[in-house]
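Chemist: Chain by chain, the residues:
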Amino acid sequence: MTISNTRPITPELIAAHGLKPDEYQRILDLIGREPTFTELGIFSAMWNEHCSYKSSKKWLRTLPTKGDVVIQGPGENAGVVDIGDGDCVVFKMESHNHPSYIEPYQGAATGVGGILRDVFTMGARPIAAMNALRFGEPDHPKTRHLVAGVVSGVGGYGNSFGVPTVGGEVNFDARYNGNILVNAFAAGLAKTDGIFLSEAKGVGLPVVYLGAKTGRDGVGGATMASAEFDDSIEEKRPTVQVGDPFTEKCLLEACLELMASGAVIAIQDMGAAGLTCSAVEMGAKGDLGIELDLDKVPVREEHMSAYEMMLSESQERMLMVLRPEKERQAEAIFTKWGLDFAIVGKTTDDLRFRILHQGDEVANLPIKELGDQAPEYDRPWVEPAKPAALAESDVPQADIADSLLTMLGGPDLSSRRWVWEQYDTMIQGNSLQRPGGDAGVVRIDGHESKALAFSSDVTPRYCEADPYEGGKQAVAECWRNLTATGALPLAATDNLNFGNPERPEIMGQFVHAIKGIGEACRELNFPIVSGNVSLYNETNGQGILPTPTIGGVGLLGDWRKMVRIGFAAEGEPILLVGAAQNWGTHLGQSIYLRDVHGRTDGPPPPVDLAHEKRVGDHVRALIVSGIVTACHDLSDGGLAVGLAEMAMASGIGAAIDTPSADPIPAFFGEDQGRYLLTLSIRPDSAEWEALRAEQQKLGVAAALIGTTGGAELKLGQAHAISVEKLVTTHESWFPRFMGT
Amino acid sequence: MKSAVVLLPGLNRDRDMIAALTRISGQPPATVWETDTAIPDVDLIVIPGGFSYGDYLRCGAIAARMPALRAVAEKAAQGVMVIGVCNGFQILVEAGLLPGALMRNTSLKFVCREVKLEVANANTAFTRNYRPGQIIRCPVAHHDGNYFADAETLARLEGNGQVVFRYAEGTNPNGSINDIAGIVNDKGNVLGMMPHPENLIEAAHGGTDGRALFESALGIAA
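Going down the list, the sequences are from chains A and B.
Each residue of the first sequence is one higher than the last, beginning at 26 in the working numbering.
Each residue of the second sequence is one higher than the last, beginning at 401 in the working numbering.
Since the hints were made in silico from the structure, they are not lab data.
Cβ coordinates follow ideal geometry from the N, Cα and C atoms, glycine included.
Some hints could be false.
Listed below are several chain B residues computed to face chain A (Cβ distance under 7 Å; list not exhaustive) [stated by the list, open to error]: (1) P409; (2) G410; (3) N412; (4) D416; (5) F451; (6) G454; (7) L457; (8) R458; (9) C512; (10) R513; (11) P539; (12) F548; (13) N599.
Under the rule of at most 30 Å between Cα atoms (straight-line distance), these lysine-lysine pairs were calculated in the DSS-like manner [said to hold, decoys possible]: (14) B:K509 / A:K167; (15) A:K393 / A:K371; (16) A:K83 / A:K351; (17) A:K750 / B:K516; (18) A:K167 / A:K238; (19) A:K750 / A:K739; (20) A:K411 / A:K83; (21) A:K167 / A:K226; (22) B:K509 / A:K750; (23) A:K321 / A:K351; (24) A:K83 / A:K750; (25) B:K516 / A:K586; (26) A:K310 / A:K321; (27) A:K638 / A:K540; (28) A:K361 / B:K402.
Simulated restraints on C-beta separations [as the list claims (entries may be wrong)]: (29) A:E473 / B:T431: 32 to 40 Å; (30) A:S757 / B:A525: 37 to 45 Å; (31) B:D550 / A:G109: 56 to 64 Å; (32) B:R513 / A:E327: 43 to 51 Å; (33) A:G676 / B:D550: 38 to 46 Å.
Just chain B, same shape as in the assembly:
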């Protein structure tokens, strides 16, 4: 399966994401620049983490209005899988592809550490290589990862199984409501998550718990 990575000024985990996709799929992903209006024919589009446009105005707000994101939205509407990690998640929310909002961490500080995630729904295109309820390790590194949605949206997300990852074992690093770490849209083809699975995919990272996410999305058997 083919993938593409969206590049925007200020993103800084793009190289990590490209390395992960290359290592796992065996081929480097295509890249899409901020001003590109079309995205090549791929099965998976990834928006990596970082500080696009300096996080100015609001995290992800400027990025969400760039031509590349309009192209991502078109692809998503056609059913192409999209993953947004960290700033990528914030951008998907700002672009209206995912519900809710990501607010400043309750500690008001940037936080970089390893947390535990519960695979709350293993029945998605992104998580099918995990076991239901599996607890995995995963790093986080963000300042604005405190997920919030109004009661109605939250009930819908929970009811539809759209909450895919939850911070587990008391490791919620940012105050997210219902310990939400990652969600999918109602069609199930757009995933947003704050933690960084791309930083835990090989021995040098000290673990490979993040690998199954990309293998699931890329259609690689566990």
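Isolated chain A, as found in the complex:
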């Protein structure tokens, strides 16, 4: 079947391409004639939300993206951050939500493949991956199927490619019933003088196609990802790409070999909108035209039309501009790895994007305008309503120990072992902290003492209640998780998942979340260096919880000083740092209210960013000084859950004092900016006195709340729970839910 390029352009066809009438008019104005069918496809691919960021651009510009260590901010395949000694870390997070809902295994697998490609396209060898997954409520009939497929897809691709998965998130909420989230993060290591960009340079140079052959899979994928779902969703299955991690692994090795040979001038992976997007980006960034001859493109299906080839999202493909004198050497490298190598076009000086197919010119468009003059919207938005604060007397009571077990054995706080044991967490031999702690930590290969920490965070229920505070909290928690290992947070990537931006209340969530993220990133010196926006996450008019996932990277100067969450020894003092006098106070939007009392009211805990920074910097300094034996930040579930997690991680129990005020907010409040530390110094020692004096001087609250030891966790007056019972409760929910 060949689709003719002379197919008439009807209003129905325009609508089917996701283009609004005014957008089509803009096309007519821009090119002064009716577009061909292929051209319409190209515009649709470049101007959809996924590729053009037309609703979000205005607000993304407000984010802080610069800093002393930032080498490359947003706009390239991934962000690049200096980590000293001539090394840099290259990272990004990206969503693959819609495809993963339609076809969970392949959707998730190609999400992982896409983000890995973004990283190695820049010249970096991937060293760590994470993924933030949000599913519908556990009882929803599709949830198990989606969890099984997504987890298996993430593992299937990442394990075969050979990157350790060192962290991530898995949450459940009814608001994701019809639209799950799969946010994949990858980081790689490169030399600061070995970074490759997509900007083409030089006229008349060969444009080279590398990697796998082009098929019909994924045609129109980016346009699909930019529309809401409705009941016709099953019809969209053919727009999901199919991944081949074996080819990607070969592509990685071939690309790194080719880059080392000095042949590469510019490189761009073919992700969303495949050949179209990669070619336009390389040309537009370099102020050059591109001419492609589709008859040269390696294909795996017969009779593919120009339209299909330009919009195919077949995976594991790259486009490069190469130095002509190195062409033969380049071809030999790709042949060795069994990959296709074809010269499919050239750079030109006319700023046109010209596509030739079977002797015809099927498209001839202005290249700069395809990218730069994509529509940009200042969409109307409304201020989100703020939930009323809980009355001071509104502290619903329950048994402390029983509540803790309920929460630990529930969908959101139970162990994710079932998930991460399906991921290779140890490959490359550098994983110092694997999933289950505050952050994943990976040793820097070839360096004596340095390591990188990675964490992915957001609390969607906070963002729903107050997008601004929720945005701040997502950044702060990520920064805190990195800090809790002893790492200095360097920079972050954001993956902003929201509903339909054409609805002012959704746009209001987006605007406020960005404001919160921006403010937190500025205050914490934690710039955003890459990211991705995923809008239209709704089904039949029901939007997801606003979910701006933050993926952060931190640097440890000496990993031998790194700490973990598990209690390290018996008889050590437990210090609660950064908490108010009553340990905890804030119950609004807490897991306790939700899981024990079925309530989802109140505002989320506010984040005091100055406090956050002061406390975090202090905790990090203590870890680096070597007196901290374990550290854990407090988040979901508050102090009680934090203590339980520390006990479960090592098997050592603890006895905690009785709080001076109501134990419910003390143990279950989700106040921000708090850490639990155990120390190797004794409370009666001179070092202890010196520490307390220093904390006083810094204005960092710290309370000695108990001592480690024994095989039970005893929270004040509550009945003791054996660590074994905690572990059994914590570990049993997921396997039981999945039936394995």
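On the provided structure of chain A, position chain B as indicated by the hints.
Modeler: Frame of chain A, contents of chain B only:
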């Protein structure tokens, strides 16, 4: 002693293995590419883990038919020591250098975790630095590690002491028959094992239980 590592497209623990051999022997191993028909003069050849040729057709099936594996078989016949880890084990089985088969894990899922291994035979070139019956820690990471052999083969393996490692303390992660985690051929110079000793050889790995295997094979005293 000198070593070599076989490199095939899709293998992905090659760098881990090269790092381990370099660290333990003090010199980097030679490398052998899929199309190489000869292997340099070494005492130990290692086939690392991964997904050679994407695990297409059957794990290890394509790799077993590559020129490099014919060269490995020749060396093995001459008595050179060969270790295959994970996919390397699958490849040795497919190449007919070790008996039995590695099937999909009984859970039908990929599994990556630490298990316990019993050194079932400490009297091999690969295990002499362990104590007989010693229980060691070792990571696993595989989808198809469920070892199977017919009754006759199994009786022969057990009778000859060819079962070298067994999953211990109820940690069998894949359903392997007789808890088999690693076996040697009847001459005792070819070892195949699913667990990854190369990922537990230094402090940064959180333990060094895997080290003695390489030290044994490389003739380094315990």
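Chemist: Evaluate each hint against the coordinates.
Modeler: Going down the list of hints, with the structure as the test:
1. For P409 of chain B, the interface hint holds, since its Cβ comes within 7 Å of a Cβ in chain A; the closest pair sits about 5 Å apart.
2. For G410 of chain B, the interface hint holds, the least distance from its beta-carbon to any beta-carbon of chain A being 5 Å, beneath 7 Å.
3. A cut of 7 Å between beta carbons decides the hint on N412 of chain B: the least distance to chain A is about 3 Å, and the hint holds.
4. A hinted interface residue such as D416 of chain B counts as satisfied when its beta carbon comes closer than 7 Å to some beta carbon of chain A; here the least separation is about 4 Å, so the hint holds.
5. For F451 of chain B, the interface hint holds, the least distance from its beta-carbon to any beta-carbon of chain A being 4 Å, beneath 7 Å.
6. The interface hint given for G454 of chain B holds, since its Cβ lies 3 Å from the closest Cβ of chain A, which is under the 7 Å cut-off.
7. Hint status for L457 of chain B relative to chain A: violated, with the closest Cβ pair at about 12 Å, above 7 Å.
8. A hinted interface residue such as R458 of chain B counts as satisfied when its beta carbon comes closer than 7 Å to some beta carbon of chain A; here the least separation is about 14 Å, so the hint is violated.
9. Given the 7 Å rule on beta carbons, the hint for C512 of chain B holds: about 5 Å separates it from the nearest Cβ of chain A.
10. A distance limit of 7 Å between C-beta atoms decides the matter here; for R513 of chain B the minimum to chain A is near 5 Å, and the interface restraint holds.
11. With a cut of 7 Å, the hint placing P539 of chain B at the interface with chain A holds, because the nearest CB-to-CB distance is about 5 Å.
12. Here the hint on F548 of chain B is broken, as its CB sits about 21 Å from the closest CB of chain A, past 7 Å.
13. Interface restraint check for N599 of chain B: the shortest CB-CB distance to chain A comes to about 5 Å, inside 7 Å, so the restraint holds.
14. A hinted pair counts as satisfied when its Cα atoms are at most 30 Å apart, and K509 of chain B with K167 of chain A qualifies at roughly 20 Å.
15. With a C-alpha separation of about 17 Å, the suggested pairing of K393 of chain A with K371 of chain A holds against the 30 Å cut-off.
16. As the CA atoms of K83 of chain A and K351 of chain A are separated by approximately 42 Å, the hinted pair breaks the 30 Å bound.
17. Only pairs whose Cα atoms come within 30 Å are accepted, and K750 of chain A paired with K516 of chain B is accepted, the gap being roughly 23 Å.
18. This hinted pair does not check out: K167 of chain A and K238 of chain A have alpha carbons roughly 33 Å apart, beyond 30 Å.
19. Distance restraint check for K750 of chain A and K739 of chain A: the Cα-Cα separation of roughly 13 Å lies within the 30 Å cut-off, and the hinted pair is therefore satisfied.
20. The straight-line distance between the Cα atoms of K411 of chain A and K83 of chain A is roughly 24 Å, inside the 30 Å bound, and the hint therefore holds.
21. For the suggested pair K167 of chain A and K226 of chain A, the alpha carbons sit about 49 Å apart, so the restraint of at most 30 Å is broken.
22. With a C-alpha separation of about 27 Å, the suggested pairing of K509 of chain B with K750 of chain A holds against the 30 Å cut-off.
23. With a C-alpha separation of about 20 Å, the suggested pair K321 of chain A and K351 of chain A falls inside the 30 Å cut-off, and the hint holds.
24. A distance of roughly 51 Å separates the Cα atoms of K83 of chain A and K750 of chain A; the hinted pair therefore is violated under the 30 Å criterion.
25. Restraint check: the Cα-Cα separation between K516 of chain B and K586 of chain A comes to about 28 Å, which is no more than 30 Å; the hinted pair holds.
26. Only pairs whose Cα atoms come within 30 Å are accepted, and K310 of chain A paired with K321 of chain A is accepted, the gap being roughly 24 Å.
27. For the proposed pair K638 of chain A and K540 of chain A, the alpha carbon gap of about 18 Å is at most 30 Å, so the pair holds.
28. For the proposed pair K361 of chain A and K402 of chain B, the alpha carbon gap of about 27 Å is at most 30 Å, so the pair holds.
29. Between E473 of chain A and T431 of chain B the beta carbon distance is about 25 Å. The supplied range of 32 to 40 Å is therefore violated.
30. Restraint check, S757 of chain A to A525 of chain B: a C-beta distance of roughly 44 Å satisfies the suggested window 37 to 45 Å.
31. Checked against the hint of 56 to 64 Å, the pair D550 of chain B and G109 of chain A passes, with Cβ atoms roughly 58 Å apart.
32. Evaluation of the 43 to 51 Å hint for R513 of chain B and E327 of chain A yields a pass: the beta carbon distance comes to about 46 Å.
33. Judged by the Cβ atoms, the range 38 to 46 Å given for G676 of chain A and D550 of chain B holds: they are separated by roughly 42 Å.
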